[in-house]
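Chains as they are written, first to last, in my numbering: chain S, 1 to 315; chain Z, 316 to 765.
By construction, these hints were calculated from the structure, which means they are not laboratory data. Heads up, some of the hints might be wrong.
As the list claims (entries may be wrong) - Subject to a maximum C-alpha distance of 25 Å in a straight line, what follows is the list of computed SDA-like cross-link-like pairs (lysine to any residue):
no.: 1; chain 1: Z; residue 1: Lys567; chain 2: S; residue 2: Ile45
no.: 2; chain 1: Z; residue 1: Lys544; chain 2: Z; residue 2: Gly460
no.: 3; chain 1: Z; residue 1: Lys648; chain 2: S; residue 2: Phe279
no.: 4; chain 1: Z; residue 1: Lys399; chain 2: S; residue 2: Leu254
no.: 5; chain 1: S; residue 1: Lys204; chain 2: S; residue 2: Val239
no.: 6; chain 1: Z; residue 1: Lys595; chain 2: S; residue 2: Ala169
no.: 7; chain 1: Z; residue 1: Lys401; chain 2: S; residue 2: Phe48
no.: 8; chain 1: Z; residue 1: Lys648; chain 2: S; residue 2: Val65
no.: 9; chain 1: Z; residue 1: Lys401; chain 2: S; residue 2: Ala169
no.: 10; chain 1: Z; residue 1: Lys401; chain 2: S; residue 2: Leu59
In this text, all values refer to a predicted model and were calculated from it rather than measured experimentally.
Now for the letters of each chain:
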Amino acid sequence: MKRSSLREKNKPGSTIFFSHKSLKNFLDSNAGLILSLPALAFVIIFIFYPLVQMFYLSLFRWNFVSPNMIFVGIENYVRMFLNDPVYLRSLVNVILLAAQSSAIQIPIGVALATIVLRYRRIGGLFWAIIFLPYVISSVAVSLIWTWMYNPYFGSINVFLRTIGLGFLARPWLGDINTALIAIFGTVNWIYIGLTTTMTIATLKSIPPSIFESARIDGLSGFQEFRKITLPLLKELIVVLVIIDIAGAFKFFDLIWVMTQGGPSDSTHVTTTWLYRAAFRSSEPGYGAAIGVTIFIFSFVIVQLLIKFTRSRLTR
Amino acid sequence: MSQQRPSRVRLVVALVLVAIVVVAAGVAFFLTTQRPAEKIRIEWWDEWGEARLKWAEEMEAAYERDHPNVDIVIVEFASDEEFKTKFEAAIASGQPPAVFRTLGGGVLKSYVDGGHVEDLTALLNEEWAVNQIPRTMLRQSTWNGRHYAVPFDLWAGHFYINRELFEKAGVQIPPITSTWTWDEFKAAIRKFKEAGIIPIAVGGKDKWELSFYYMYIVDRLAGSDAFRKTINRAPGYSFTDEHWVKAGYLFKEIVDLGAFQEGFIGASYDEAQNLFFTGKAAMWLQGPWILGDLFASFPDFPIDIINFPTVPGGKGDPTMLLGAVQHHYAIAKNIPDNVKKVAYDFLRFISKRENIIRYAELTASPLAQNVPVPTEHYPAVLVKVIESTSRASWLQMAYDEYSPPKFAQVHLDSLAAVAAGTMTPEQMAEAQERVARELAEQGILPLEEV
Numbered sequence: 001m002k003r004s005s006l007r008e009k010n011k012p013g014s015t016i017f018f019s020h021k022s023l024k025n026f027l028d029s030n031a032g033l034i035l036s037l038p039a040l041a042f043v044i045i046f047i048f049y050p051l052v053q054m055f056y057l058s059l060f061r062w063n064f065v066s067p068n069m070i071f072v073g074i075e076n077y078v079r080m081f082l083n084d085p086v087y088l089r090s091l092v093n094v095i096l097l098a099a100q101s102s103a104i105q106i107p108i109g110v111a112l113a114t115i116v117l118r119y120r121r122i123g124g125l126f127w128a129i130i131f132l133p134y135v136i137s138s139v140a141v142s143l144i145w146t147w148m149y150n151p152y153f154g155s156i157n158v159f160l161r162t163i164g165l166g167f168l169a170r171p172w173l174g175d176i177n178t179a180l181i182a183i184f185g186t187v188n189w190i191y192i193g194l195t196t197t198m199t200i201a202t203l204k205s206i207p208p209s210i211f212e213s214a215r216i217d218g219l220s221g222f223q224e225f226r227k228i229t230l231p232l233l234k235e236l237i238v239v240l241v242i243i244d245i246a247g248a249f250k251f252f253d254l255i256w257v258m259t260q261g262g263p264s265d266s267t268h269v270t271t272t273w274l275y276r277a278a279f280r281s282s283e284p285g286y287g288a289a290i291g292v293t294i295f296i297f298s299f300v301i302v303q304l305l306i307k308f309t310r311s312r313l314t315r
Numbered sequence: 316m317s318q319q320r321p322s323r324v325r326l327v328v329a330l331v332l333v334a335i336v337v338v339a340a341g342v343a344f345f346l347t348t349q350r351p352a353e354k355i356r357i358e359w360w361d362e363w364g365e366a367r368l369k370w371a372e373e374m375e376a377a378y379e380r381d382h383p384n385v386d387i388v389i390v391e392f393a394s395d396e397e398f399k400t401k402f403e404a405a406i407a408s409g410q411p412p413a414v415f416r417t418l419g420g421g422v423l424k425s426y427v428d429g430g431h432v433e434d435l436t437a438l439l440n441e442e443w444a445v446n447q448i449p450r451t452m453l454r455q456s457t458w459n460g461r462h463y464a465v466p467f468d469l470w471a472g473h474f475y476i477n478r479e480l481f482e483k484a485g486v487q488i489p490p491i492t493s494t495w496t497w498d499e500f501k502a503a504i505r506k507f508k509e510a511g512i513i514p515i516a517v518g519g520k521d522k523w524e525l526s527f528y529y530m531y532i533v534d535r536l537a538g539s540d541a542f543r544k545t546i547n548r549a550p551g552y553s554f555t556d557e558h559w560v561k562a563g564y565l566f567k568e569i570v571d572l573g574a575f576q577e578g579f580i581g582a583s584y585d586e587a588q589n590l591f592f593t594g595k596a597a598m599w600l601q602g603p604w605i606l607g608d609l610f611a612s613f614p615d616f617p618i619d620i621i622n623f624p625t626v627p628g629g630k631g632d633p634t635m636l637l638g639a640v641q642h643h644y645a646i647a648k649n650i651p652d653n654v655k656k657v658a659y660d661f662l663r664f665i666s667k668r669e670n671i672i673r674y675a676e677l678t679a680s681p682l683a684q685n686v687p688v689p690t691e692h693y694p695a696v697l698v699k700v701i702e703s704t705s706r707a708s709w710l711q712m713a714y715d716e717y718s719p720p721k722f723a724q725v726h727l728d729s730l731a732a733v734a735a736g737t738m739t740p741e742q743m744a745e746a747q748e749r750v751a752r753e754l755a756e757q758g759i760l761p762l763e764e765v
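Please model the complete structure; the sequences and the hints are all you need to start from.
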């Protein structure tokens with residue numbers, strides 16, 4: 001077809017792309033879209049495609065190397081919820097991890113931030129020290145704490161014995177009653193620095209005049225905290241809770257290095273159980289099914305929280 | 316106008332453009348990676364470790380000197396697990412390494428079944444190989460009469476002991492050529508505890524160390540056939556048979572006696588090693604691989620080996636050892652013919668007598684090939700290991716290496732649970748039987764005719 005005839009048919013504003021005018025129009029009006037294409041391509045290749053592939057894989061029984069993948073439908077999911085107590089235990093552990101992170105890190109973080117801001121002269125140094133653990137590679141942290149928890153050489157038990165609390169000394173990671181608590185201790189040690197830092201950043205953005213007028217109005221330090229600081233931090237706290245929940249669902253390295261989910265499967269979280277199923281037992285289909293549930297749970301929870309945040313915060 | 320264009324059209328346009336970008340990127344990638352091959356590239360994959368890596372580098376240099384058109388590429392992995400994961404990814408992407416190490420057993424079988432491993436029967440029937448490689452050493456890499464790997468070295472499990480601590484606690488060292496009983500074993504544990512010495516160090520976090528005890532006890536109780544018959548679903552054999560449960564209870568007995576260090580179920584290999592090397596623990600049930608590290612840090616360590624005790628009412632032969640052929644090398648099936656040809660030649664090269672002797676010198680491990688190594692190349696304790704291995708009536712391959720990975724995990728996890736007291740030996744036996752049945756239904760078991 002000759003170009004001229006094409007152009008004749010092509011009335012202004014129609015949707016054929018390759019005439020000069022509409023191409024220009026198209027480029028103009030879609031510049032944002034076109035410029036974001038490379039990024040979009042990456043998202044599709046590296047996020048959407050693997051997600052679809054994971055769901056697909058979760059319907060099969062396979063061992064990574066066999067040429068036959070056996071379609072088993074939802075068998076992997078049935079097994080997970082009806083026949084796999086460790087999976088359920090790992091879900092409980094994720095919930096515990098998220099809950100204790102929020103309950104412990106946020107109050108302590110806020111308290112430390114208040115201290116840092118109040119005593120400005122040494123506050124900066126104090127803040128740097130609190131933040132330090134967050135900067136260390138988590139595998140290094142895990143190894144350090146594993147040795148600290150060691151019943152024979154570990155500094156924690158040595159310390160307890162030295163101050164006369166020897167009856168508290170125990171193999172922290174080698175006891176099914178304390179292993180999870182020991183891991184929580186390390187987690188909090190790492191992340192309190194982050195919570196503190198985010199709180200400091202938020203508090204610094206509050207105009208000081210608010211606090212000044214509060215003081216002129218005669219509010220005590222505690223009243224000031226309760227009536228002014230805390231309400232202003234509400235948004236941040238919601239964000240921190242979201243971070244804790246999302247973080248609990250993707251938590252892996254620390255637990256894997258410290259206990260590998262043991263002793264006796266008591267410290268598994270969903271990701272470590274996924275890893276064990278997929279790569280230790282060579283059941284990628286089952287691992288993928290666990291991955292799908294992690295995706296769904298975290299997606300739903302984060303959506304709920306975002307919705308909750310919006311409605312609360314725009315009020 | 317175009318601003319009001321329906322969003323569906325926009326979406327289609329966007330997706331088409333995405334597709335174009337993706338294809339273009341793919342083409343660009345393809346074009347930049349297709350370079351003319353100058354040399355034949357042989358990737359050689361292993362979880363090396365220092366001593367074996369040194370050997371590999373010598374082999375590489377020697378082979379490349381004689382074959383300038385070949386590039387041997389040594390690829391190193393930090394752990395067996397990393398090796399497995401990367402290897403399976405390489406297979407899936409159709410670019411397997413030409414030469415790779417394997418431990419044989421269930422894992423190799425799954426690769427063979429998947430059609431990824433070259434059949435080396437012809438190579439292993441060449442004259443040099445028939446003379447040099449005893450057929451019994453091919454057991455772990457042979458199915459349906461076809462051989463798939465060249466065996467290099469062996470391991471055997473013994474109690475490595477600290478002679479000084481035995482003297483200190485007044486425990487007689489049972490000579491390696493004789494046996495000792497379960498009661499003597501328990502009495503020794505009590506004596507060590509009285510002397511304030513940890514009787515046995517064990518790294519329970521990785522679980523395979525715990526499995527050593529269970530496997531030894533099963534073999535002592537029911538003989539060497541028990542596991543192979545039961546896992547391969549021989550009629551009349553079940554994991555719920557009495558000796559499987561009893562083995563769990565005997566293991567539990569020494570756990571309850573306090574034979575292991577405090578918190579052993581959460582302790583890593585390194586922590587157990589530390590206790591033994593620094594003289595806090597008297598015994599460590601291990602393979603000869605510990606010796607390299609031991610002599611590197613403690614050259615004068617009062618090391619010795621003793622046997623695992625016999626058990627009451629046991630029918631097993633007490634000269635049986637836990638152990639197996641350890642490192643084998645195999646060739647990937649799906650590689651270009653010219654590469655494969657070189658890979659064959661390279662396997663023949665590294666199996667030359669002088670290269671095997673060099674292997675023994677550097678790694679200080681007992682050989683799976685029939686090449687006499689002058690004993691002055693080995694530390695005295697290793698000579699003992701080798702002599703003890705040659706006296707053994709049977710080498711029991713570790714369950715977690717012999718069996719399909721899924722069974723291996725259930726075995727390891729439930730044994731760790733028995734050690735922690737969260738599972739009874741009966742429940743462990745049932746869990747093992749359940750997964751064995753499941754794998755039989757799926758056609759993964761049996762691994763071989765028994």
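Hint check:
1. Lys567(Z) / Ile45(S): Status violated; Cα separation ~51 Å.
2. Lys544(Z) / Gly460(Z): With a Cα-Cα distance of about 19 Å, the restraint between Lys544(Z) and Gly460(Z) holds, given a limit of 25 Å.
3. Lys648(Z) / Phe279(S): At roughly 23 Å apart (the allowed maximum being 25 Å), Phe279(S) and Lys648(Z) satisfy the hint.
4. Lys399(Z) / Leu254(S): Distance of about 22 Å is within 25 Å: holds.
5. Lys204(S) / Val239(S): 17 Å, holds
6. Lys595(Z) / Ala169(S): 18 Å, holds
7. Lys401(Z) / Phe48(S): The given pair, whose Cα atoms are some 23 Å apart, holds under the 25 Å limit.
8. Lys648(Z) / Val65(S): 13 Å, holds
9. Lys401(Z) / Ala169(S): Since the Cα atoms of Lys401(Z) and Ala169(S) sit roughly 41 Å apart, the hinted pair is violated (cutoff 25 Å).
10. Lys401(Z) / Leu59(S): 23 Å, holds
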